[in-house]
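Dock chain B against the given chain A, drawing on the hints supplied.
Number of protein chains: 2
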Amino acid sequence: MKARQFFISTLKEAPADADIVSQQLMIRAGMIKKLAAGVYTYMPMGLRVIRKIENIVREEMVRSGAVELLMPIVQPAELWVESGRWEKYGPELLRFKDRHQRDFVIQPTSEEVITDIARQEITSWRQLPVNLFQIQTKFRDERRPRFGVMRGREFIMKDGYSFDRDADAAGKSYETMFDAYCRIFNRTGLVFRPVAADTGSIGGNRSNEFQVIADTGEDLIAYCPDSQYAANIELAEAVQVGGERAAATEEMQKVPTPGRDKCELVTELLGLPLTKSVKSVVLASDERDEEGNVLPAKIVLILLRGDHSLNEVKAGKLPELKNGFRFATEAEILKAFGSKPGYLGPVGLDPKEVKIYADRSVINMSDFVVGANEEGFHLRGVNFGRDLPEPEVADLRNVVEGDPSPDGKGTLKLQRGIEVGHVFYLGTKYSEAMHATYLDEEGKSRVLEMGCYGIGISRVAGAAIEQNHDDRGMIWPDAIAPFTVAICPMGYKRSEAVQKVCDELHDKLAAEGIDVILDDRDLRPGPMFADWELIGVPHRIVVGDRGLKNGEIEYANRRTLDQKEMVKVEDAVAFIKSKLKA
Amino acid sequence: MKARQFFISTLKEAPADADIVSQQLMIRAGMIKKLAAGVYTYMPMGLRVIRKIENIVREEMVRSGAVELLMPIVQPAELWVESGRWEKYGPELLRFKDRHQRDFVIQPTSEEVITDIARQEITSWRQLPVNLFQIQTKFRDERRPRFGVMRGREFIMKDGYSFDRDADAAGKSYETMFDAYCRIFNRTGLVFRPVAADTGSIGGNRSNEFQVIADTGEDLIAYCPDSQYAANIELAEAVQVGGERAAATEEMQKVPTPGRDKCELVTELLGLPLTKSVKSVVLASDERDEEGNVLPAKIVLILLRGDHSLNEVKAGKLPELKNGFRFATEAEILKAFGSKPGYLGPVGLDPKEVKIYADRSVINMSDFVVGANEEGFHLRGVNFGRDLPEPEVADLRNVVEGDPSPDGKGTLKLQRGIEVGHVFYLGTKYSEAMHATYLDEEGKSRVLEMGCYGIGISRVAGAAIEQNHDDRGMIWPDAIAPFTVAICPMGYKRSEAVQKVCDELHDKLAAEGIDVILDDRDLRPGPMFADWELIGVPHRIVVGDRGLKNGEIEYANRRTLDQKEMVKVEDAVAFIKSKLKA
Chain A
28 MKARQFFIST LKEAPADADI VSQQLMIRAG MIKKLAAGVY TYMPMGLRVI RKIENIVREE
88 MVRSGAVELL MPIVQPAELW VESGRWEKYG PELLRFKDRH QRDFVIQPTS EEVITDIARQ
148 EITSWRQLPV NLFQIQTKFR DERRPRFGVM RGREFIMKDG YSFDRDADAA GKSYETMFDA
208 YCRIFNRTGL VFRPVAADTG SIGGNRSNEF QVIADTGEDL IAYCPDSQYA ANIELAEAVQ
268 VGGERAAATE EMQKVPTPGR DKCELVTELL GLPLTKSVKS VVLASDERDE EGNVLPAKIV
328 LILLRGDHSL NEVKAGKLPE LKNGFRFATE AEILKAFGSK PGYLGPVGLD PKEVKIYADR
388 SVINMSDFVV GANEEGFHLR GVNFGRDLPE PEVADLRNVV EGDPSPDGKG TLKLQRGIEV
448 GHVFYLGTKY SEAMHATYLD EEGKSRVLEM GCYGIGISRV AGAAIEQNHD DRGMIWPDAI
508 APFTVAICPM GYKRSEAVQK VCDELHDKLA AEGIDVILDD RDLRPGPMFA DWELIGVPHR
568 IVVGDRGLKN GEIEYANRRT LDQKEMVKVE DAVAFIKSKL KA
Chain B
28 MKARQFFIST LKEAPADADI VSQQLMIRAG MIKKLAAGVY TYMPMGLRVI RKIENIVREE
88 MVRSGAVELL MPIVQPAELW VESGRWEKYG PELLRFKDRH QRDFVIQPTS EEVITDIARQ
148 EITSWRQLPV NLFQIQTKFR DERRPRFGVM RGREFIMKDG YSFDRDADAA GKSYETMFDA
208 YCRIFNRTGL VFRPVAADTG SIGGNRSNEF QVIADTGEDL IAYCPDSQYA ANIELAEAVQ
268 VGGERAAATE EMQKVPTPGR DKCELVTELL GLPLTKSVKS VVLASDERDE EGNVLPAKIV
328 LILLRGDHSL NEVKAGKLPE LKNGFRFATE AEILKAFGSK PGYLGPVGLD PKEVKIYADR
388 SVINMSDFVV GANEEGFHLR GVNFGRDLPE PEVADLRNVV EGDPSPDGKG TLKLQRGIEV
448 GHVFYLGTKY SEAMHATYLD EEGKSRVLEM GCYGIGISRV AGAAIEQNHD DRGMIWPDAI
508 APFTVAICPM GYKRSEAVQK VCDELHDKLA AEGIDVILDD RDLRPGPMFA DWELIGVPHR
568 IVVGDRGLKN GEIEYANRRT LDQKEMVKVE DAVAFIKSKL KA
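In the order they appear, the protein sequences are chains A and B.
Quick note on my numbering: the first sequence kicks off at 28 and runs consecutively.
Quick note on my numbering: the second sequence kicks off at 28 and runs consecutively.
A portion of the hints provided could be inaccurate.
For identical chains, the list gives no copy identity; a pair is met inside one copy or between any two copies.
Heads up, simulated BS3-like pairs for lysine-lysine below, C-alpha to C-alpha not over 27 Å straight-line [unchecked claim]: (1) Lys29 to Lys199; (2) Lys436 to Lys379; (3) Lys124 to Lys349; (4) Lys325 to Lys349; (5) Lys456 to Lys436; (6) Lys61 to Lys520; (7) Lys471 to Lys39; (8) Lys471 to Lys527.
Hint data in this document are derived by calculation from the structure and do not stem from the laboratory.
Bear in mind that the values here come from a model prediction, so they are computed numbers and not experimental data.
Chain A extracted, bound-state conformation (with noise of 0.2 Å):
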């Protein structure tokens, strides 16, 4: 490709509404156009990016036997209200009436219509397993779109889908779609992360989510550098720390703390570590009855050490909270406790009012300080089994760096990561609602059970840059780059001999089925330069007359610009495809 017929259109400046690096640059670079909040156009760079990473995903999932069809965009309300989605999916599911006023969404996913099919196509256990996909673009209406392509309303999804006979066969789909995942991430050249993650009300260990390493990422990952544990924060499993519980050695003390509403306040006063005080989190469950009357809610005092934080997914799981939750209102929390927020603490509470919980990490703390539960007063020297009862425990928060792995295997470490795919074990969720079963070889019918795998097509582009930038620009891996190599050439108009050698290395990489761009734009070297370090071209080759009087040419990688090396033209071609295998 020559730089003239393509279409190239660079910017020196990010607008100022672009929020991260990845935006900054895709923006910068001409790859992606603004059209409306979160709806954006993959301009021609932009486009050759987003097609080899839809060619990596398509060729592994063929490979690993899933088949591609497509599904429609615009989708009847009739199967999305079979499904319950239609009543649960909130305003983020884009509906609309068309012009008989019938009820339509424009598919986020496809779970609804994918089932629909196999209930209508699969009706034999010979049949099985069956691995549909599709490549497509989604809409999800956020409510504040951000971060380019990463969060954007529209996008581009690989969504695939496994129906098998039993859990068993839908756990070698899971698997054989956890392994295509790998090649597919190994194959773009990205460092990720497969990690655990939380299946929600399906339940099952079979979640997993394809986390792209990069600090500006919004999830965050704990691992274990000793061994293969990875989860996402919200799953991992914190594990008891500060050892046994000590004995009693103080007395329950009241001891005023006035303006001392959190902990680091409270100890600070003391003199005591953070370590040694506990947190107050008051949850609330609305409730109704059977006629659907509001009753009070059910209020929840969770108890964390002062240093840790709450897991909002763990204590979804309280049996108390698994429908659903919320903070407790000011009003509440009055009502239960006789103080306002600030002074809350589990001694003296009525268990009818107030059911408490404690993490794993304080049922094993002696002589701790809680909230008095009166404004501007604490408790210091409170000791479980004496000033209060034992609570139930549970795991309820977030894990910490040096925290020990769960699997026994040395100790945590954080990280933050960036979404890319997800692989899920969905059971009968929507084939058991929408009646998709199949015959067994005793002719019995039987439900199917189903599997779902996401890769975020615009977000794995988005989350290379995050990854993969300097202060230039962006810096491809090789197999998703839109150009794999950029010839600059020094006057391409100005040197005969410059546009002969440039034009000869052009087709010849090209016909070596290389993606190679020629500046032929007859720009001066710095803003020719400026433009492929920011487009992140991962090959630069630099002719000029200077180095063709010695016969050469000026080959650099975009990672190591200071890095020159004058190659030979004559062996150019097998020292690019040579650092193209490397």
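Positioned in the frame of chain A, the structure of chain B alone reads:
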């Protein structure tokens, strides 16, 4: 590909609501699956066809210098308001509000977005020409979607847009696209015809439709077998027929014609040929004064020879009707003519009430019959210049077979076609409305000249079937067949020899890059052949023990299934390759 790894699902019967053969066959062959009216899933077998068509289109677009991008499916209303299409586009434009109550549309095409991109990106004459295209899902909320993928609501379209400095340069872009389209449709292997088409309100003569020839087509095409002339019936020029006007030989005479309210009935009664009668068609154009008050409609009388039919597109170009027209109501007719329809004519009308236009082939008639403007009566022996003034003349009728070709090189024939592509010179319609300008060499701001170029990807698939099918099913051209070669084993599981030859042949053909499917489903020959004949794979190889005794396999082409050829196993790959070249 082996059949068991793929997803094959054929039906004996098409659903009752499938109204044309391509829709019936695509559903029966498991290529598409209806989700809602005019909304289909492309099942794996169908998607393969779509992808092959897409790839041909993409390759030829790129070869012609166009650059691919991808615009959003969801587009903000603002741009559509700016272009004027928010008002003008009817209910086929799907409009909806997002969660913030902002207006959006689902794109039926992308003129607005591409013009918005152009006005931001194209600033200088140095950047021109620019030609951008996308292959993307579109939505048109058809009132009555039908014909499967041919007139669906959701469909896949290639839409491209060119930007040029002036009309001359735009003409060159137009020619380039015209040539690219010829290459594209030649490569699909379909019989097609580029035909001149109407340019509507844009004017000029640069509009060509690409019509796939099929008896079931919705469009009528006039062409001259002796020249290059071909035009959509809407545009095809009707030259004057019937020779010079003969002198009047009869007196005008009022004759009773009770109940004879059609030309055929009147001439039958009078014993005259139909070509001696003149048909009166009354059109009306609604008028408003400057303050928007409704005025009485303008009434226009069109005179056509009794055997001719009105061409509404041509009528719409008359000065009185160019802002839109309709057929006059009975009340309007009564008021202007004093008679109810069926007995209308041009004699004795008030020119202030009714404007008269005669078709070219009426003006040279003499002694003709018209309605008497009195129920139950006609006038015979009517002559222009004597019984009524000479009328204004225009080309107002549809051509018929046998009409002289407008290029003077023979006579016209008619055939039916399916429009699969359209190249269109837009001029400055969008660029002017949306202020898309560039600076020329003298630094002067000029409006960009545009062209737009569409190909209905999913429609090509339907048209291919309409053109190529028989009682057994579809017959795909090699280039867009879901698979090129089907290997049908007779006893894949029963005979080791059959399995071995099939597997080896499959692998060798696949290694040659040939799209082969091996049917390892172990079906009986009848159902297996029926499936592949229905699906329409163009080349079939049958491998059975009987043939293998002589070291031979059987080849048949889908078009000529009775002409089987026996081929030595060792020659099979070369033989198939020679068939694919042919």
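Hint-by-hint comparison with the structure:
1. Lys29 to Lys199: between (47 Å within a copy, 21 Å between copies)
2. Lys436 to Lys379: Neither: 42 Å inside a copy, 100 Å across copies.
3. Lys124 to Lys349: For Lys124 and Lys349, the Cα distance exceeds 27 Å both inside one copy (34 Å) and across copies (34 Å).
4. Lys325 to Lys349: within (12 Å within a copy, 72 Å between copies)
5. Lys456 to Lys436: neither (35 Å within a copy, 70 Å between copies)
6. Lys61 to Lys520: Result: close neither inside a copy nor across copies, 35 Å intra and 57 Å inter.
7. Lys471 to Lys39: between (66 Å within a copy, 25 Å between copies)
8. Lys471 to Lys527: neither (73 Å within a copy, 36 Å between copies)
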